[in-house]
Each structure stands twice: as C-alpha cells, then as structure tokens.
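Engineer: Single-letter residue listing:
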Amino acid sequence: MLRRRTARLLVVLAAVCALGAVLPSAFAAGGLSISPAILEHRAAVGNVGSVVVSNTASTSLKITVTPRPWRQARSGAVSPDRSKTLRSVVGVSAKSFTLAPGTKRTVDVRLLRKPSGGALYAAMEVVGKPTKKAPGNGITAQYRIISSLRLTAARARHGVRIGDARVSGKSAVVAVRNTGNTVDPVAGSVRLVGPRGTVNRSIAAVRVLPGGIVDLKLAATSALPKGSYTATISLTQGGAKVASAKRTFRR
Amino acid sequence: MRRLAAIAVLAGALAVASPAAALARDGVEIGGTVDATLGLTVLDDGPSVFHTEITSTVDATRLTVAGSPGLGVTAAVGSVFQPLGVPIDPLLRSWSGPLASEPVTISVGGHAKTSDPYLLITVSAQTP
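Taken in sequence, the protein lines are chains X and H.
To convert, take the position in the first sequence, counting from 1, and add 2; that gives our numbering.
To convert, take the position in the second sequence, counting from 1, and add 19; that gives our numbering.
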C-alpha cells in the first residue's frame, strides 16, 4: 500500500516536472527588458539599429521610448538628463505604444542629422507604466530601463587633458577632461612621492563623455600619511598613451 | 506500478533536460553571441516593500528610484533610506559585472501623500 502511494506520488512529481518544463511561467510576476543594452553604430544619418522591448509583466504596459543626453558625475557615473530629449537628432519608429503581457516589439532607431563632433553618446530611456493600477499598498511600480546609444565617429580621436590633483572625500583624485570623440576607457598609472617615500599605483579605467570631466582616483587617503605629494600621472586611451603630467597636492 | 513510476520520473527529467541532451548526443558545438540585455522584474509588492530581480549583461549597472511628484516617501535597499523627489534620483545600489536575476528588495518608508502614487524603479548602464 505504501509502495503504491509512493509510486503515485512519484508520478505526480514527474508530471509537475514535465509541466514546469513545457509551460511558460504563467503565474510569475514580470517586468520590462530591452536588448541590446548597448546599441553601437557608426554615426551615419539613417538607420543605426533597433532595440527590442519585451513585456514580461502580467499586465499591459504603456511604453515610451525617449533618447536623452547623458549627465556625467565627477565619479564617472552617468544618468540621463530628464529635462532634455534628443528627438531632433535621434528618431525612433515608435515613441509610445502599449505592449500586451508576454509580447515584445522592435523599435528602430535612426540618426536624423550628423551630430556635432561626429559622434553621439546618449541614453535610450524606456519607461513602462502598467495600464492597471496594482493592488496592494497603493503605490504602483513603474519600470524604467536606460540603455546606452553609442554612435561613433568615422575616425576615432583620442585625447585627454589632465587637470589638478586634490583630495576629494576619501580619495586623492585628478581631474581629467576627454578632448577626444570616443568613450574609450581612460586608464593609466601614477607614481606618488610623499612623506614616506614612493608608491606606484594603477588608475582604474573610466569612460568619460567627449568634453566631460571626471575625477580619476589616484589612491585612498587612508593609505596616504598627511603631507605634500607629487603625482606623476600617465594615462592611456584606446591602447595608446595620451597624456602625462606631474601634479602636486596636500593630504 | 513501480516501473511505471520510474518511467514517469525519467520522462519528467527528460522534459527538463531534453534540449541539452539532444545537442550533446549529436555532438553539436554551441556558439554565437547574445545581445547585451537590461531587465527589471517586480516579483511582488507589499505594504512597504518591492521584491525585484535585475538582469544585466553590461559592465556596470545601477539601480535608482524616483517617485510621483509629492509622493513624500523614502526608499532604500538595506537600511539607509533616501528621500525621493530630489533633483538627482537616489542611487540605491550599483554593481560591476553581469547580473542574472539578482534579487533586490526595495523598502519604502512613510505614507504616500498623493492620490495616484507610483514608484519609478530604474535600471541603467552606469557608463556611457
């Protein structure tokens, strides 16, 4: 009797396993996704690619697609400037549409005119708002996914200008302006001569918007005794040395 | 009956593993590229929490939130609550490297002061 029950239980378990493999996650909550997360293309007027917007939520989503310029903090982190759009430069085949649950839509992206400087780096903002208000706490969750649009110049130009070194928060940093037309990572090395001798450190790679200024971290202040320092900085971008400079700062 | 049960279990397991098993049997090499993806899933919401999952294949990812105007609440991942409605959306968390269904719980503090409140949960690439 016990064996029969066990056998029945095994049959049920097997059926559940099989169903789990066959059925989509009908009861799973869902959300919004976009692909590719980075759309990279030569900055030529015309079609530059497309993004696929997928609604995996259990409710319809009202989708808006908006290209916006980036704002870059001195840390290097970027966020889209929500007060501006780039619709005069970048066009999308569908600015606003409703996406049913479990469906996806391809949105074509076009460059409408050649950007100044030959390149354009922008945010592609996709917002999904549920068409039905969520039950529960009364606060409805809305989705926003921000991908990166990289429209590169026909000829890449690398270059940075090294500014002042200083202590900012818990780090010694040096300000660096990207004078080129790419967002290829800027990295390098620094030799710090201070009260207790010389230390050599690598500078972590950071992508800097063309014309933008970012603070590159030289060292944590916890590793630097108080005193005066001379930093000999060497920076590379796109696999080549682009700048070097000597800067002094006090800790 | 036991034999039947064993066959059923095997069938269930095969249903789960059949695509991979078929490819391995035929000696097919799998290759190709997959487009980078950013995805946000809200699993459920309670009175003061949103359970989410984040998928990302970009180098660095950040999670920020914004609220409807005048929402008057704070939000946190962990214990440090930050006000919404400030000019720069508060950064709740950031990651370097890819994420596969990374679970993140967003806590909301205070009571909504608007009639149609929403929380705009944002997943973005951290580098341009």
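Just so you know, the hints here were simulated from the structure itself, not pulled from any lab data.
Ideal Cβ positions, reconstructed from N, Cα and C, are used throughout, including at glycine.
One should not assume that every hint holds.
Claimed, not checked - Covered by chain H, according to a simulated footprint, are these stretches of chain X (three or more residues, beta-carbon under 8 Å):
{"hint": "1", "stretch": "73–87"}
{"hint": "2", "stretch": "122–133"}
{"hint": "3", "stretch": "147–153"}
{"hint": "4", "stretch": "194–203"}
Engineer: Any of the earlier hints contradicted here, and which numbers?
Structural biologist: 4
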